[in-house]
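> Here are the chains, one letter per residue:
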Amino acid sequence: MGFGLLAPALTIMVLMLLLPVMALVMLSFWSQSGFDIDRSFTLENYWKLIEPSDEPTVWFGIPFYLKYPIPVILMIKSLVMSLVATIAVIGLAYPMAYFVAFRVRGNKAFWIILLTIPFWTSYLLRVFSWKIVLGFNGAINSGLMYLGLIDAPLEFLLYNPTAVIITLAHSWVAFAVLPIYVSLEKIDRSLLEAAADLGDSRWQRFWRITLPLSAPGTIAASLLVFIPTVGDYVTPTLVGGPGGTMIGSLVQLLFLRQDNAPLGSAVSIAMMLVIAVLVALLLWAIGYRKMRARRS
Amino acid sequence: MSDGSAFISLSAIEKRFGSLTVLKDITFDIGKGEFFSLLGASGCGKTTLLRILSGIEQPSAGTLLIDGQSMAGVPANKRPTNMVFQSYAIFPHLNVEENIGYGLRNVRIAKDEARQRVQEALELVKLNGLGTRNAHQLSGGQRQRVALARALVCRPKVLLLDEPLSALDKKLREEMQLELRALQRTVGITFVFVTHDQEEALTLSDRIAVMANGRVLQLDTPQGLYERPRSREVAEFIGTMNLLPGAVSQSDQSETMLDAGLVGTLGGRPIEVILDKGARAYLAVRPEQISLSATEPSDPARYSVAGEVAEAAYLGDRIHYQVRLTGLEKPMTVFVNNTERAVVRPLGSNVWLSWDRSVGLVLPG
Amino acid sequence: MWKRLDGLWIYAVAFIAFIYGPVLLMPLFSLNDSTFATFPLAGFTLRHYGEMFQNQSMMAAVLNSLKIAVIVSLLSTALAVPASLALTRYKLPGGGPIVGFMMLPLVIPSIVIAVALLVIILKFLGIQLSLWTVAAGHILICIPFSMTVLMARLEGFDPSLEEASRDLGCSGWTTFWRVTFPLAMPGVISSLLLGFIISFDEFVIAFFLTGTENTLPVYLYSQLRFPNKLPGTLALGTLILCGSAILVIIAEVIRKRGVQSGNPGDI
Chain P
0 MGFGLLAPAL TIMVLMLLLP VMALVMLSFW SQSGFDIDRS FTLENYWKLI
50 EPSDEPTVWF GIPFYLKYPI PVILMIKSLV MSLVATIAVI GLAYPMAYFV
100 AFRVRGNKAF WIILLTIPFW TSYLLRVFSW KIVLGFNGAI NSGLMYLGLI
150 DAPLEFLLYN PTAVIITLAH SWVAFAVLPI YVSLEKIDRS LLEAAADLGD
200 SRWQRFWRIT LPLSAPGTIA ASLLVFIPTV GDYVTPTLVG GPGGTMIGSL
250 VQLLFLRQDN APLGSAVSIA MMLVIAVLVA LLLWAIGYRK MRARRS
Chain W
0 MSDGSAFISL SAIEKRFGSL TVLKDITFDI GKGEFFSLLG ASGCGKTTLL
50 RILSGIEQPS AGTLLIDGQS MAGVPANKRP TNMVFQSYAI FPHLNVEENI
100 GYGLRNVRIA KDEARQRVQE ALELVKLNGL GTRNAHQLSG GQRQRVALAR
150 ALVCRPKVLL LDEPLSALDK KLREEMQLEL RALQRTVGIT FVFVTHDQEE
200 ALTLSDRIAV MANGRVLQLD TPQGLYERPR SREVAEFIGT MNLLPGAVSQ
250 SDQSETMLDA GLVGTLGGRP IEVILDKGAR AYLAVRPEQI SLSATEPSDP
300 ARYSVAGEVA EAAYLGDRIH YQVRLTGLEK PMTVFVNNTE RAVVRPLGSN
350 VWLSWDRSVG LVLPG
Chain E
0 MWKRLDGLWI YAVAFIAFIY GPVLLMPLFS LNDSTFATFP LAGFTLRHYG
50 EMFQNQSMMA AVLNSLKIAV IVSLLSTALA VPASLALTRY KLPGGGPIVG
100 FMMLPLVIPS IVIAVALLVI ILKFLGIQLS LWTVAAGHIL ICIPFSMTVL
150 MARLEGFDPS LEEASRDLGC SGWTTFWRVT FPLAMPGVIS SLLLGFIISF
200 DEFVIAFFLT GTENTLPVYL YSQLRFPNKL PGTLALGTLI LCGSAILVII
250 AEVIRKRGVQ SGNPGDI
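Chains as they are written, first to last, in numbering that gives the first Met the number 0: chain P, 0 to 295; chain W, 0 to 364; chain E, 0 to 266.
It should be emphasised that the hints constitute simulated quantities derived from the structure, not laboratory data.
Note that the structure is predicted; figures quoted are calculated from it, not measured.
Keep in mind that a hint or two might mislead.
[Claimed, not checked] Facing chain W, according to a computed beta carbon distance under 7 Å, are these residues of chain E, among others:
hint: 1; residue: Ala151
hint: 2; residue: Glu154
hint: 3; residue: Glu162
hint: 4; residue: Ala163
hint: 5; residue: Thr179
Glycine is no exception: its CB is placed at the ideal position from the N, C-alpha and C atoms.
Throw the hints in and build the complete structure from the sequences for me.
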């Protein structure tokens, strides 16, 4: 009975998620020859991602001894940019979640809805709005010039990694508030009263009770932001410029422009594996399982 | 109340959840019109047994007959039973009348008659005029009444009640106990009542099945359970019981003598089996059956032992003492009624405890 | 509520200003009588909105997006209701991993979902890209959202409500329609609205999987490249923002109202 009810949705998910991902994996072991796909098994695509070369490509002072260094460099760059954005998001979201959980009295639903609306409204438009803010003729430049603070537009605002990080942080920050808020809200208030009764000051209570007990929600929030942003495509395309491209842009390029779907597939698979391994390592390192078990 | 015939008949009922066995070899009968309680600590299987009666759960083995019909394969919605849930399960999207009339939509009766029956049910549980209230506007006691009316309006042959009073405060609970008893006499159907509160079970029931670890320990009337517990577990679960450990030194049909070490040799009535000489056993005496005096009573019809007051609690209508006996690890509990002559004895004072030779029971160890 | 105007309060207000500020520039400049989105403002006008409605290809894109969003929200909710029931009401073996699998689209970058679907559709099945392929991709990413909302709702209410209904003589099917469905209604409505918004606003999957016809975000994206079309784009963006904001508010209010009613069985 239970499986009967589950079957339609599960079938759709298998057909439309599992099979396509498997197809992507298969394709990554084939190769592109001209306009056709050569269906013989090859590791060529993956080899290409790590094929060494004697001539180093230097990026930010780091030499990469690779023939085709772009995927590796973009992967590292994407991970670093996502990580910075995630740290910024958590740093910004935590006090807000704390505010809603502990300071707001009757009107919590209002604040939650206020924080939820931006997340559900078009991602494309929210990213685009930063283009208006940061652009050459954008709000900041024209505003500052109008006020007479600068003579010529500041060119460094848009089309660089910083613009991508700011935009990513802005797009995801409201989303990160919710899981942190939920974990803060679940904390039994009498624990804090007990800590106060045992002599803890406000800060000690925060460090010794609130922060550790809200860790599971905070980690969940970080992952919910970090994982999708590594592969983000819209933000680097709109505000990144040539300097702000990320791994998602490369996937798009390989599939739609350079017509090398097998290599694009290999890049996608490699990207997912790298993210999965990093996340698993992180969760293992901090003992997330134990942390969650302790809470329930 | 009970006419003695088996109206509900359980035989060899067993229930397993995976590898966990929660009910084992449950066999007993419940009479027609009986107020029957399943009593036990949480996790003893009493609620599972009730849910098997209702058809929400199926037994893993065994047979269940209600009014002579086998209930094997009969789903909850086709059984002549209705249930009052512990959480009351009042449908939050329906008002009081709609809640009460919920089950009547599933039987073929005219709309007018259904309305009539809902009104009667409202009167029966004293909720006249509250029919259009919403579920969330009701107090705990009112919710309980709605749950009762909703089950009774279907005219079940058996009403099942899963700890219906546990969510109410003490005063309201006592009030509802009386009402529930009166209600059962009015409607005259069989009630099967689950509770963990032994006082509640004693107050309400015609008969009680005391359960532990998925088994029925003893099935008896309230008086039978209190006065003739057949095991140490039942003796300790129903009321307060003093248990003095010892070894059987001599036994016959009418009296078993126990050698209780430094306390002395004491006797009591054997329960069910006559124990072998040397077997471990307990002498069980109720606290209210013991009298306390400053000097040794000389009545040969009474056993008496010397002790020292370790704790005294003044409860108004009576005084509870803990009296320490030489050679006994646990102090004995004594209840003394606060009559004119009673004085609160100071801690450390030497006292004599005595009880009639006929009141002690010998329970297997 | 404003009694303690301390650092945290100031932070909260600044935070809201930060997340709303940039987005609100869009309506501001869409009403500005200038081709460029620059300060100082030139004057109030509604002409960008007027021009927008005369744009045939844009109206076609709006229609396409509406069609897809309605189909997606209905289908993903219709699939998610029984699946959520199964996962909350029956102790299915492997229930945990199944939920994990169904939530995967939430953490897979949408570009990977897009190319994976692109590969199977083009290289393996040989189906033409169209609005239908976009809708299929959208159903995939909407199911986890619908399931989250519905499972939270179904887990929230007392299981003895359904047992009581069975006990009072209802079959499984009648119980579903008389108890489960009415109580899950707020969840169903939020699921429908969220599915609609997600599909209506989604860009990456639509960008990869659409054929010759555009959805609204894809159309919008193509317009971003033309600076002289900026005001019209801003006007359109403003309308989309307002539309989704209203739907989100409705969805959230319905969901919260269900949660907040004082009924223990209703939580």
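> Taking the hints in turn, state whether each one holds.
Each hint, compared with the structure:
no., hint, verdict
1, Ala151, "16 Å, violated"
2, Glu154, "15 Å, violated"
3, Glu162, "5 Å, holds"
4, Ala163, "4 Å, holds"
5, Thr179, "11 Å, violated"
Comparing the model with each numbered hint stated earlier shows that hints 1, 2, 5 do not hold.
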